[in-house]
Amino acid sequence: MIEIKNLTKRFGNTVILDNINLEVKKGEILGFLGPNGAGKSTTMKIITSFWSPTSGSIKIDGLDVTTDSLKTRTKIGYLPETVPLYDDMRVYEYLKFIAEVRGIAKEDMKKRLKEVVEACGLKKVLLKPIEELSKGYRQRVGLAQAIMHEPDILILDEPTTGLDPNQIVEIRDLIKKIGKEKTVIFSTHILSEVSATCDRVLIINNGKIVGEGSPADLMAKAGGREIIYVKIKGPKDAVLSKLKEMDNVEKAEMKDRESDDVYGYEITPKEGVDLREYLSMTVMNNNWSILEFNKKSASLEDVFRELTK
Amino acid sequence: MNKTIYWKTIYTLFKKELMSYFNSPIAYIFIGVFLVVGNWLFFKNFFLIGQASLRGYFDLLPWIFLFLSPAITMRLWAEEKKSGTIEFLLTLPVTDWQVVLAKFFGALAFMKIALLLTITLPITVASLGNVDLGPVIGGYLGAILLGGAYLALGLFISSLTKNQIIAFILGLVASFAAFIIGADFVLTGAPKFLVPVMSFLGLGSHFYNIAKGVIDSRDIIFYGSFIFIFLWLNARMIEARGWK
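These protein sequence lines map, in sequence, to chains C and U. Just so we're aligned, residue 83 is where the first sequence starts under our numbering, counting upward by one. Just so we're aligned, residue 670 is where the second sequence starts under our numbering, counting upward by one.
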């Protein structure tokens with residue numbers, strides 16, 4: 083569906099994208115992750131033919147986005163990061179303009195507008211000027227604009243930034259709903275969003291792809307290392323030295339303090355070792371007691387931080 | 670691309686451009702000021718001279734247009750750039766050239782509406798005496814051509830900046846320079862060999878020819894080429910986005 087080959091973008095001497103290769107299959111939801119300025123938006127701007135690449139190519143269904151741009155643009159719905167809309171227009175005026183400029187036939191227009199308004203929940207604000215809309219509604223109008231011509235590909239640049247948690251869930255559900263039939267590429271900072279919505283994740287840093295795979299794959303790649311957090315009642319120094327002495331412990335450190343003799347500790351076991359039973363026995367043997375126990379696996383956050391350091 | 674669809678898309682964009690003028694109060698203010706200033710300056714001298722002629726008005730018009738045209742064009746690209754809507758606009762399945770044409774025709778239509786509202790002038794003057802129709806028609810035709818030239822220039826300048834005020838001031842200065850370069854009082858100070866060139870390039874002399882009622886194809890071709898060149902430069906400017 084989308085095929086990116088050796089894509090490079092430079093502004094003067096600054097390299098924004100450095101030899102990106104990527105293939106996106108039909109019906110896939112692909113999440114772009116990366117710190118600010120990593121090249122997410124730039125990649126999107128080039129796929130949508132807003133900018134041209136310095137070298138390399140992007141093909142959509144075999145059509146090049148630079149030379150066949152008028153055709154590839156009809157296959158793409160795009161929501162830029164800042165959600166630019168014509169603020170002086172009313173919502174229905176704007177949507178009608180989009181429908182017209184996207185070449186939707188007059189006889190289908192009413193039906194299509196209705197569907198889009200329904201899908202994005204815009205009924206209540208149709209008569210309002212866009213400048214008076216809340217951020218959540220703006221985002222929905224932006225999405226409505228992007229899906230108007232029923233594109234095969236949706237490109238959404240940080241579609242949930244600046245929204246409150248309820249709105250985020252709404253937009254995310256909307257993306258999932260749309261993503262059932264379409265190829266979706268979206269970028270985000272919110273890591274939980276990626277595991278909640280994406281089939282595949284791409285981590286970009288300094289213009290290079292540094293990680294790729296399903297959310298589960300990526301976490302596995304980060305080592306799948308688990309950390310044990312345990313709260314023990316007992317003398318601090320004795321507990322800590324005992325924990326450190328235990329077999330199969332790579333690292334043990336004190337994390338927090340609840341009261342004079344109750345402290346929380348974090349223990350990193352050696353790879354592939356289940357430490358739980360041995361740990362509890364050790365504590366009991368010393369006549370201390372365990373007040374809290376939980377196991378944390380490496381999160382996408384850790385993967386992200388690891389890869390983009 | 671199919672020709673009908675090509676022009677239909679331009680028409681859709683054009684309609685949006687024209688509508689957005691009237692979505693804000695600024696359009697009404699521009700037209701109001703344009704009419705008041707034009708009428709007042711014209712009638713101030715009209716009764717002193719005592720001739721049933723619109724000559725005085727068409728002498729004034731280029732100067733009023735100097736302010737009106739950049740005011741019409743200043744936001745056309747600058748605002749799209751500032752608000753980011755340019756990214757949406759230029760990722761639509763349209764060519765840069767289509768967008769440039771739509772913006773130009775929108776601005777021109779707005780100027781024509783302003784001109785249409787000055788129709789009270791020839792009607793008033795005609796009720797006071799015999800008016801020679803030739804110069805009136807020529808005056809309006811010249812005004813549209815000259816206005817089109819100012820607008821093409823202003824539109825191009827708007828594509829150079831994000832800031833509307835800068836677009837306005839640069840547009841005003843550039844239009845003034847293009848107008849004045851062929852004026853008599855500039856030509857007297859210019860080196861001899863440059864005089865014919867400057868006189869030809871100036872927007873003013875062509876206007877006054879047409880406004881006299883002498884409609885010469887050379888003047889029309891001159892304005893057409895002037896407009897085309899700046900629209901072409903504009904499209905190149907837009908095409909060069911993202912090169913930095």
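Hints are computed from structural coordinates only; laboratory data are not their basis. Everything numeric in this text was worked out from a predicted model, so none of it was measured. Note that CB positions come from ideal geometry on N, CA and C, so glycine has one too. Please note that a few of the clues may not be correct.
[Stated by the list, open to error] Result set (DSS-like, lysine-lysine): computed pairs, CA atoms no more than 27 Å apart in a straight line: (1) K861/U - K178/C; (2) K217/C - K713/U; (3) K672/U - K192/C; (4) K684/U - K210/C; (5) K178/C - K684/U; (6) K750/U - K178/C; (7) K684/U - K205/C; (8) K188/C - K751/U; (9) K684/U - K206/C; (10) K831/U - K217/C; (11) K378/C - K315/C; (12) K677/U - K192/C; (13) K677/U - K157/C; (14) K157/C - K781/U; (15) K217/C - K751/U; (16) K713/U - K178/C; (17) K831/U - K196/C; (18) K750/U - K188/C; (19) K684/U - K193/C; (20) K153/C - K750/U; (21) K153/C - K781/U; (22) K672/U - K210/C; (23) K861/U - K153/C; (24) K672/U - K157/C; (25) K751/U - K196/C; (26) K157/C - K713/U; (27) K750/U - K210/C; (28) K188/C - K684/U; (29) K178/C - K672/U.
[Unchecked claim] Over the 12 Å line for every Cβ pair with chain U, so calculated as not near, a few chain C residues: (30) A278; (31) K290; (32) G354.
Here is how each hint holds up against the structure:
1. K861/U - K178/C: violated, 58 Å
2. K217/C - K713/U: violated, 53 Å
3. K672/U - K192/C: Status holds; Cα separation ~25 Å.
4. K684/U - K210/C: holds, 20 Å
5. K178/C - K684/U: This hinted pair holds, its Cα atoms lying about 12 Å apart.
6. K750/U - K178/C: It holds: about 23 Å lies between the C-alpha atoms, which stays within 27 Å.
7. K684/U - K205/C: The hint holds at about 24 Å.
8. K188/C - K751/U: violated, 33 Å
9. K684/U - K206/C: holds, 26 Å
10. K831/U - K217/C: holds, 24 Å
11. K378/C - K315/C: It holds: about 21 Å lies between the C-alpha atoms, which stays within 27 Å.
12. K677/U - K192/C: holds, 19 Å
13. K677/U - K157/C: holds, 20 Å
14. K157/C - K781/U: violated, 38 Å
15. K217/C - K751/U: Holds, because 18 Å separates the two Cα atoms, which is no more than 27 Å.
16. K713/U - K178/C: Violated: K713/U and K178/C sit about 47 Å apart, past 27 Å.
17. K831/U - K196/C: violated, 36 Å
18. K750/U - K188/C: violated, 31 Å
19. K684/U - K193/C: holds, 22 Å
20. K153/C - K750/U: holds, 24 Å
21. K153/C - K781/U: violated, 35 Å
22. K672/U - K210/C: violated, 35 Å
23. K861/U - K153/C: violated, 55 Å
24. K672/U - K157/C: holds, 21 Å
25. K751/U - K196/C: It is violated: about 31 Å lies between the C-alpha atoms, which goes past 27 Å.
26. K157/C - K713/U: The hint is violated at about 60 Å.
27. K750/U - K210/C: holds, 24 Å
28. K188/C - K684/U: holds, 16 Å
29. K178/C - K672/U: At roughly 22 Å apart (the allowed maximum being 27 Å), K672/U and K178/C satisfy the hint.
30. A278: holds, 27 Å
31. K290: Per Cβ check, K290/C is outside 12 Å of chain U; nearest 20 Å; holds.
32. G354: It holds; G354/C is separated from chain U by about 49 Å at its closest Cβ, greater than 12 Å.
Hints 1, 2, 8, 14, 16, 17, 18, 21, 22, 23, 25 and 26 from the list above are not met by this structure, while the remaining hints are.
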